[in-house]
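Student: Construct all of the structure, not just a fragment, from the sequences and the given hints.
First to last, the sequence lines map onto chains A and B. Going by the numbering used here, the first sequence wraps up at 1121, each residue one higher than the last. Going by the numbering used here, the second sequence wraps up at 316, each residue one higher than the last.
Here are the simulated SDA-like cross-link-like pairs (lysine to any residue), alpha carbons at most 20 Å apart as the crow flies: (1) K248(B) / G1022(A); (2) K1091(A) / E113(B); (3) K248(B) / I1019(A); (4) K289(B) / E1093(A); (5) K289(B) / T275(B); (6) K881(A) / M131(B); (7) K1091(A) / K289(B); (8) K115(B) / L16(B); (9) K881(A) / P946(A); (10) K1119(A) / Q196(B); (11) K1012(A) / S178(B); (12) K881(A) / R120(B); (13) K1091(A) / V290(B); (14) K1119(A) / A251(B); (15) K289(B) / M1094(A); (16) K281(B) / F1098(A); (17) K208(B) / G1021(A); (18) K994(A) / T103(B); (19) K289(B) / P872(A); (20) K274(B) / E1117(A); (21) K274(B) / M1094(A); (22) K994(A) / E70(B); (23) K1091(A) / M131(B); (24) K208(B) / D1039(A); (25) K311(B) / E1117(A); (26) K311(B) / L1113(A); (27) K1016(A) / P238(B); (28) K115(B) / E1083(A); (29) K1016(A) / S240(B); (30) K1119(A) / N253(B); (31) K1091(A) / H292(B); (32) K994(A) / E1078(A); (33) K908(A) / G936(A); (34) K1116(A) / H292(B); (35) K1119(A) / E219(B); (36) K1016(A) / T183(B); (37) K1119(A) / K274(B); (38) K914(A) / L967(A); (39) K248(B) / Y1023(A); (40) K281(B) / R1095(A).
Rather than coming from a laboratory, the hints here were simulated on the basis of the structure.
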Amino acid sequence: MHIIVCLKQIIDPEIPPHIFQIDPVKRKQIRGRQALVISDFDAIALEVALQLKERTDGKVTAITIGQKEAVESLHTALAMGTDETMLISDPAFEGADSFGKAHILAAALCKLGEFDIVLCGRQAGDVELGLVGPFLAEKMGLPCVTLMANIEPGDGKVRLKRPIEGGYEILEAPLPFLATVTNDESNVPRYASVRGIRAAMRKKIPVWSAADLGLDPAEVGPETARIEMEELFIPKREMRCEFIEGESGPEKGRRLALRLKELKLI
Amino acid sequence: MMTNILTFCFASAEELPRASLEVLAAGRRLGDELRNGCVQAALLGPDVEGHGETLVHHGADEVFIISHPRLQYYEADVILETLEAIVQQLSPDVVLFPHDELGGGNVGPRLAYRLGTGIVTDCVGFEVKDDAIRWLRPVYGGKAMAYMVANGPLQLATTRSRAFEPLAPDSARQGAVHTLEVDVDSMSSPVSLVERTQEEIEGISLDQAQIIVSGGRGMEDKEGFSALDRLAEILGAAVGGSRPAADLGWVPHSRLVGQTGKIVAPNLYIAVAISGAPQHMAGAGSSKTIVAINKDEDAPIFKVAHVGVVGEWENVIPALTVACKEILGS
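Tutor: What follows is the structure, encoded as structure tokens:
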């Protein structure tokens, strides 16, 4: 079983708001000294792929579109247990929107050849549009199952577990297919071992350009974008927290109840 | 020129979900702000005919009913083909979906791809400027906001839960209710449902709740959450948790509030022993009023909370619960 996971590298989303900065002209976040990480749900998708690989003796390939520093994410993926990785990088890809990225990834999937499952995180942890996965499925003509948390291997088909409020659904999909992945108890991403990291650093990661993928830059660049961010801003918060005072915890608790009543919140 | 705004409303025989009324309210507002806007509602689901007039009362100029037993989530492919057929018949200019697991997570993006149009997901507002629609949506876990535009004559958008208030029903409103013929039977789905396991949901769901009580790592253990359950019961609230609380198994993952869980916007959000990490605030930050209870006065949650209590939850919550019970007389 060959599973391909599409990863996106983003600026660590866990940084607190007071050091979060944007460039309103370029309409993007300023990295500053922040770390780059694999986007949350993509790391979860990778975990699902690695668990499936362990149960089926399969192979996991991770691909990412990005600049040269995106190699770090692929090293992490290798250290976690990924077999092969490819960096898809070309100045022509700068400014591609989700449509453009789906086209680029589709070309990469075609170059990779045979595969059974393509996994994407449910949405990226930065712009959070959640479009690339479903777009890629449509572009490739693959069955698309969304918001899955786990995959059970089967014969020619697999079973997918989808969490719903108060329980889950089991769906069956024929191979090959694409799934977007959400989180549950079963797919918390593993840590990379020290030995894994050392081994990963020695591995040479192939870089594929537009030409390698047979892509015409005019087909995937910013001029083909179907949506555009016109304005990016940080909303002003003129918040001042009203603290409930009191001699003891219980007294504060009682006063809080009264204050909530006054504010007509309860 | 008339601008047709088509809103997709998903329902069951028993229930017309709030999300459908919210997306309709967004469509109505857009219809009023654009010149000559006509608001159409496509009502989909099994045995949904009974909700047609209700949609008119909530703001639709025209309702198109497509009632079929197969129009359910796990047959997303059937729904997608149905939506495609509806769009071909009605040729709308703007199509709106609720940003839920079906509309935002599956069929919305796929329909946009098939139609070759732009889609802006998870919108919390919009403005009309020179006849163009600027969609407002949170980005970077709510730390920033963006106005986005879609290029091309047709555009799709999905609206975040609770971002638009359903309109009060007005039974004097007039509108036409039609049945739309779509050959759902001939459609096929490569994906099939094998089983569904769903426990009776205890209490109120996070999506429905006007009040949410959430606990974090500082609750110490699963037992701590029973104190929150008692408070929630008195307040008629739902119980949620931060990611550490969910990862430690103190609350089920379906109750996780945050960037990797549910995004909620209740009237009142009570955050107990939650530090207020960006990942959590991405899910809770849109709440109308945030109350924070934390023993650490420097916890970041107090930067975003409207009302704060510095103290150990073990001391504050029981007294708060008793006082609320007295106030509410139950």
